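Novice: Given next are the chains, with one letter for each unit.
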Amino acid sequence: MMVDVQGDLIRVICGIAAVLVTASAVSFMLKRKLSPQGQNSAINNLDDRIRAWWVMAVAISVALLAGRAGVIVLFAICALAALREFMTLTNATRADHSTLVAAFFIVLPLQFWLIWIGWYGLYSIFVPVYVFLFLPIVSALAGVTRNFLVRVAEMQWALMICVFCVSHVPALMDLHIPGYEGRGVLLIAFLVIVVQISDVLQYVWGKLVGRHKIAPHLSPSKTVEGFVGGCLSATLIGAALWWMTPFSPLAAAGMSLMIALMGFLGGLVMSAIKRDRGIKDWGHSIAGHGGFIDRLDSVIFAAPLFFHVTRYGWALG
Amino acid sequence: MSWAITTGSRFLTAAQADWRGVDPASDRQRIYFANHVSHGDFILVWSVLPARQRHMTRPVAGQDYWHKGPFRRFLAQQVFHSVLIDRTPKARGINPVAEMADALTTGASLIVFPEGSRNLQDDDLMPFKSGLFRIARTRPDVDLVPVWIDNLNRVMPKGTLIPVPLMCKVIFGAPIHLRTDEPKAEFLARARAALCALQPRTEDA
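Chains as they are written, first to last, in our numbering: chain A, 1 to 317; chain B, 1 to 205.
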């Protein structure tokens, strides 16, 4: 069984590599033709993005090959980077220092440790229940009331988004699906591939045939054509990847559509936050993409729903 | 050691430099003057400087703090190559401005905190001490570059032991110089305004 998983995983990784090789080749030719001196910023950005895609693809491939521990560590690091970006934007003040220390150094490691030991009953409620109650207590004890509700609400939101939602990606390995034992890493690969392909194809469709803005106030670059084209192509690609999953081809298509829709809507939510705070990107850690949250936003919104629908429909307890 | 410290600070704060008023690649001799909120301030400025300039840039720091204990002394002298000055006005052995001028003569750039000590209030910037004026009068040719350190006070506020990872920014403004016959108060106010102007619009709290 394990040999089988490794074989499938290597097939998936080779597929990703093939896509990236093609992308790099196309970008190289575009650059030679349109931007030989690096004067076209759109092409340079494309080049940066593809380069960063290589790094991200290598990181996730290594993690998937390393199995459970690798995936949990990778997503814990992503959660940490995302939480740093999010907390930077909140109104948390000096009075919330203890709360922030607890968020970074207790809540985050504990959540991923709960995933590691597979304690579903606790990791699925730890942040929404226990942290929700104790976080305002810690902040209240500091005795500063100014902006209190705003501060605690923002910090709780940051933890839900960056820790709770992100942790549902490695939690997919914890599902006990009959006939799919030991293949949880493939389910993660499926989720990540569909989300990212959908993002990329929405961008590509939008650039090629995009005319009508879909959410001009939130994200002026997103178009109806990009949204429809991207979601539908991601659904088809997801259906074609059904062999990685416990789903039938039709169910894989339905799951992919759900993932793509949630990813799109998640992107809009995160754009609304960025617009409100007057920033373009969450950070600057990933060249061409912005911050970790810029790359993770769609995964963040798709992961918990994908986890629970799969659990409800396919898993045992 | 210095590599470990700058890497650590980058990891913690993802410190990003915003070069608004000066060219990072230029080797001009400079006095960076920055707001002072924590002991990590100059490390942050230091870690975002290009390597060549980092090696020629020395922080100016208070002797009273950095001479306490062998470890601080080691850090200040061996790692940061600080110019340590005596902040107590009475019984001064060597004039601090003379020490800074000596360091400038050897070709070094300096990082100074004209507020004199850490700003622990909610005010953005305390009034400047006269040191910046006096060094500008001694060496009017050197560029005075305002440097706003943003967010570091949230990483490790006063009285806390554990830093939290939040992103910081170091903003470099356009250099200023002492004008001919410019009075002290006027110059200090102008320098302070130049630094304040770099501060990003804060959230309406």
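Rather than coming from a laboratory, the hints here were simulated on the basis of the structure.
Since the model is a prediction, treat every value here as computed from it, not as a measurement.
Just so it is clear, CB atoms sit at the ideal spot from N, CA and C, and this is done for glycine as well.
Some hints could be false.
[Unchecked claim] What the simulated footprint calls covered on chain B by chain A, stretch by stretch (three residues with Cβ under 8 Å from a Cβ of chain A suffice, anywhere in the stretch; the number is not a length): (1) 149-157; (2) 162-170.
[Stated by the list, open to error] Short derived list, chain A residues pointing at chain B, Cβ under 10 Å: (3) 42; (4) 44; (5) 48; (6) 80; (7) 81; (8) 83; (9) 84; (10) 89; (11) 97; (12) 98; (13) 100; (14) 103.
[As the list claims (entries may be wrong)] Cross-link-like lysine to any residue pairs, in silico, SDA-like; alpha carbons within 20 Å at most: (15) B:129 x B:197; (16) A:280 x B:129; (17) B:158 x A:93; (18) A:31 x A:59.
Novice: Now tell me if each hint is right for this structure.
Specialist: Hint by hint, here is what the structure shows:
1. 149-157: holds (count 4)
2. 162-170: Held - the region 162-170 of chain B has 5 residues with a Cβ nearer than 8 Å to chain A, which meets the minimum of three.
3. 42: violated (23 Å)
4. 44: violated (19 Å)
5. 48: violated (16 Å)
6. 80: Check passed: Cβ of residue 80 of chain A comes within 7 Å of chain B, closer than 10 Å.
7. 81: holds (8 Å)
8. 83: holds (8 Å)
9. 84: holds (5 Å)
10. 89: holds (8 Å)
11. 97: holds (5 Å)
12. 98: holds (8 Å)
13. 100: Constraint on residue 100 of chain A satisfied, holds at 4 Å.
14. 103: holds (8 Å)
15. B:129 x B:197: holds (19 Å)
16. A:280 x B:129: violated (38 Å)
17. B:158 x A:93: Judged against 20 Å, a Cα distance of about 12 Å means the pair holds.
18. A:31 x A:59: violated (26 Å)
Comparing the model with each numbered hint stated earlier shows that hints 3, 4, 5, 16 and 18 do not hold.
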